[in-house]
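> Protein chains in written order, with the numbering used here: chain A, 1 to 264; chain B, 1 to 158.
Rather than coming from a laboratory, the hints here were simulated on the basis of the structure.
Backbone N, C-alpha and C define an ideal beta-carbon position, used for all residues, glycine too.
Everything hinted at is true.
Think about it this way: if two alpha-carbon atoms lie no more than 30 Å apart in a straight line, the pair counts; the simulated DSSO-like pairs of lysine-lysine are: (1) B:Lys-12 x A:Lys-152; (2) B:Lys-25 x A:Lys-239; (3) A:Lys-93 x B:Lys-25; (4) A:Lys-12 x B:Lys-83; (5) A:Lys-152 x B:Lys-25; (6) A:Lys-152 x B:Lys-39; (7) B:Lys-148 x B:Lys-39; (8) A:Lys-195 x B:Lys-25; (9) A:Lys-194 x A:Lys-12; (10) A:Lys-136 x B:Lys-12; (11) A:Lys-190 x B:Lys-12; (12) B:Lys-83 x A:Lys-190; (13) A:Lys-239 x A:Lys-199; (14) A:Lys-195 x B:Lys-83; (15) B:Lys-25 x A:Lys-194; (16) A:Lys-136 x B:Lys-83; (17) A:Lys-194 x B:Lys-12; (18) A:Lys-136 x B:Lys-148; (19) B:Lys-89 x A:Lys-12; (20) A:Lys-136 x B:Lys-39; (21) A:Lys-152 x A:Lys-194; (22) A:Lys-152 x A:Lys-93; (23) B:Lys-25 x A:Lys-101; (24) A:Lys-104 x B:Lys-12; (25) A:Lys-199 x B:Lys-12; (26) A:Lys-12 x B:Lys-12; (27) A:Lys-104 x A:Lys-194; (28) B:Lys-83 x A:Lys-152; (29) A:Lys-136 x B:Lys-25; (30) A:Lys-239 x B:Lys-12; (31) A:Lys-195 x A:Lys-152; (32) A:Lys-190 x B:Lys-25; (33) A:Lys-104 x B:Lys-25; (34) A:Lys-199 x B:Lys-25; (35) B:Lys-25 x B:Lys-148; (36) B:Lys-83 x B:Lys-25; (37) B:Lys-83 x A:Lys-199.
Label-pair restraints from in silico Cβ distances: (38) B:Arg-96 x A:Gly-87: 22 to 32 Å; (39) A:Gly-155 x B:Gln-81: 28 to 38 Å; (40) B:Asp-136 x A:Leu-40: 36 to 46 Å.
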Amino acid sequence: MAKVEIEFTPSKESPEVAILTFSGELDSGSIAQIGRSFDLMLEGNYLFAVADMARVTLISSAALGELMGCRTRLLERGGDLVFAGLGIGIREKLTAMDANKVFKFFSDVRSAMNAYNWEYHDRSEGLELSFPSLLKFVPPVRQFASRIARQKGYGNRDSFRIETIVDEICNNAVEHGVEADGGDIDLNMKIDRKKIEIKVSNTSDPDKIDSLKEISKSLFVPQMLTEESKRGRGLALVKMLSNDFEIEYSDIGTCVHVTKLREE
Amino acid sequence: MPDGPLHRIRIKFPGDLEYIPAVRKYVSEILIVNRFTPKFAFRTEIIVDEICNNAVTYGCVSGDSSVEIACLIYEDRIEFQVKDAGGLKEDIARLREAVEAEVSAEKKTAGKPSAAGLGLEIVRLLSEEIDMEVDDNNLTSIRVVRRKEDSSKTGAAR
Numbered sequence: 001m002a003k004v005e006i007e008f009t010p011s012k013e014s015p016e017v018a019i020l021t022f023s024g025e026l027d028s029g030s031i032a033q034i035g036r037s038f039d040l041m042l043e044g045n046y047l048f049a050v051a052d053m054a055r056v057t058l059i060s061s062a063a064l065g066e067l068m069g070c071r072t073r074l075l076e077r078g079g080d081l082v083f084a085g086l087g088i089g090i091r092e093k094l095t096a097m098d099a100n101k102v103f104k105f106f107s108d109v110r111s112a113m114n115a116y117n118w119e120y121h122d123r124s125e126g127l128e129l130s131f132p133s134l135l136k137f138v139p140p141v142r143q144f145a146s147r148i149a150r151q152k153g154y155g156n157r158d159s160f161r162i163e164t165i166v167d168e169i170c171n172n173a174v175e176h177g178v179e180a181d182g183g184d185i186d187l188n189m190k191i192d193r194k195k196i197e198i199k200v201s202n203t204s205d206p207d208k209i210d211s212l213k214e215i216s217k218s219l220f221v222p223q224m225l226t227e228e229s230k231r232g233r234g235l236a237l238v239k240m241l242s243n244d245f246e247i248e249y250s251d252i253g254t255c256v257h258v259t260k261l262r263e264e
Numbered sequence: 001m002p003d004g005p006l007h008r009i010r011i012k013f014p015g016d017l018e019y020i021p022a023v024r025k026y027v028s029e030i031l032i033v034n035r036f037t038p039k040f041a042f043r044t045e046i047i048v049d050e051i052c053n054n055a056v057t058y059g060c061v062s063g064d065s066s067v068e069i070a071c072l073i074y075e076d077r078i079e080f081q082v083k084d085a086g087g088l089k090e091d092i093a094r095l096r097e098a099v100e101a102e103v104s105a106e107k108k109t110a111g112k113p114s115a116a117g118l119g120l121e122i123v124r125l126l127s128e129e130i131d132m133e134v135d136d137n138n139l140t141s142i143r144v145v146r147r148k149e150d151s152s153k154t155g156a157a158r
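Just chain B, same shape as in the assembly:
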């Protein structure tokens, strides 16, 4: 069976937190019309909210910057790619640290500056894959994969 996406949607919105509720609701409704469960859609909304909040807060430095989300809808999962114009080097470094950090007790208790506030812990909890790319112009891109519960190999409830 081909593993290509069934559908692809794209949203580009101004770098302003006030737009995020409408964007996350849109993604949720798109999932509902594609027969994902309300629970899956709601939890995906949380992911969209967190990664868009990060993109706007840390990645939209100038007043006219924008955030772009691409969603690939598969039979068994959804993949997001969120791009922003790139923020300050220290914010990108914190973001990278948060994305690459392992959720382990040692790390949490090691007293390292945590990624608190980035909300990526909850994204990690609700998704199967999360990674980031930063190009030479600081354009930051976060990719998140979330699978349907019944398609998860581990069978863990998400």
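Chain A on its own, in the form it takes in the complex:
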């Protein structure tokens, strides 16, 4: 029987989280050892555990059952157990057994810790993109925003709305900004468990800034919007889909801030 080693270390970043590093083959002979590790963990009042499986070569169904039991013990106390660093083969087998519906899988311990901080400490994460002021760049940008939202656990409807918002404000930035060589468009996204904040800034074209001001004025003064009005529908859509919407003009450029709360 292959020897199993289980090393217990508190996370440096979040000392309330235990990192359990498993190595070897987790078979039926390792059940008692797994149980003891979780006993020790609970005695130390650790409720959250990341099982680092990078050095595991096998997880038998018996060992998986024991890990499910350990997870239940943590869940009953308000904690959780997640897996990190599973090899491709083991991950595929666990997925075939539907274990991915029970445990969350992460690429590595750091990703698991980031997810923990995101979930329990409301940590936000930021992304920045910079791209030329040309319409052809907008579809990849909006799809990127949507993928990030999905990746961070936002639902399909929220992700699609975020994609729509990014599409509209980036299209506007291209339409009302100086063309490619004159200045790039900057997109900043700040995302946390409850909301996403999007900021798009560009270098304004002096010849187009007045028309943009007119359009945006009509958004905040509804009586200025007429049924025949064909301009500003995109920004009206953004305003409707978002929870907070603001446009700032300066001598150098325009900056649109949008906040979208998570609904699903």
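Got chain A; can you put chain B on it based on the hints?
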């Protein structure tokens, strides 16, 4: 004909492996809209995946560190520069060794500790140039150049 880049894009993302699939897909889609072939775009995706994985795994030590990629799009090629906050000295040394290593049978059979896991062999295979810089603060920067197949002087399929 001027040899300046046609376009420049920049991406900065948190040092977390979970972001890499979205980043590599973004770069691939950027190439597609710039009339690079799907094959070129897909192979470039592999490069982005490998160098971003290295940057996150070895170059993002603290929880709040990030990775920055700059892509310069030329008529005939794409150039990447990937920067991370810098990792442990031994990881940087391994990375340098991997970047500077020549793909030769002698070296592979010499029993030297290889750069296995760094994925740079595949990056080297798919690109024309790869080099790295480390500044005094350990900020590590990897530069990769990948040319369109028909613009390669050697004509080798990549």
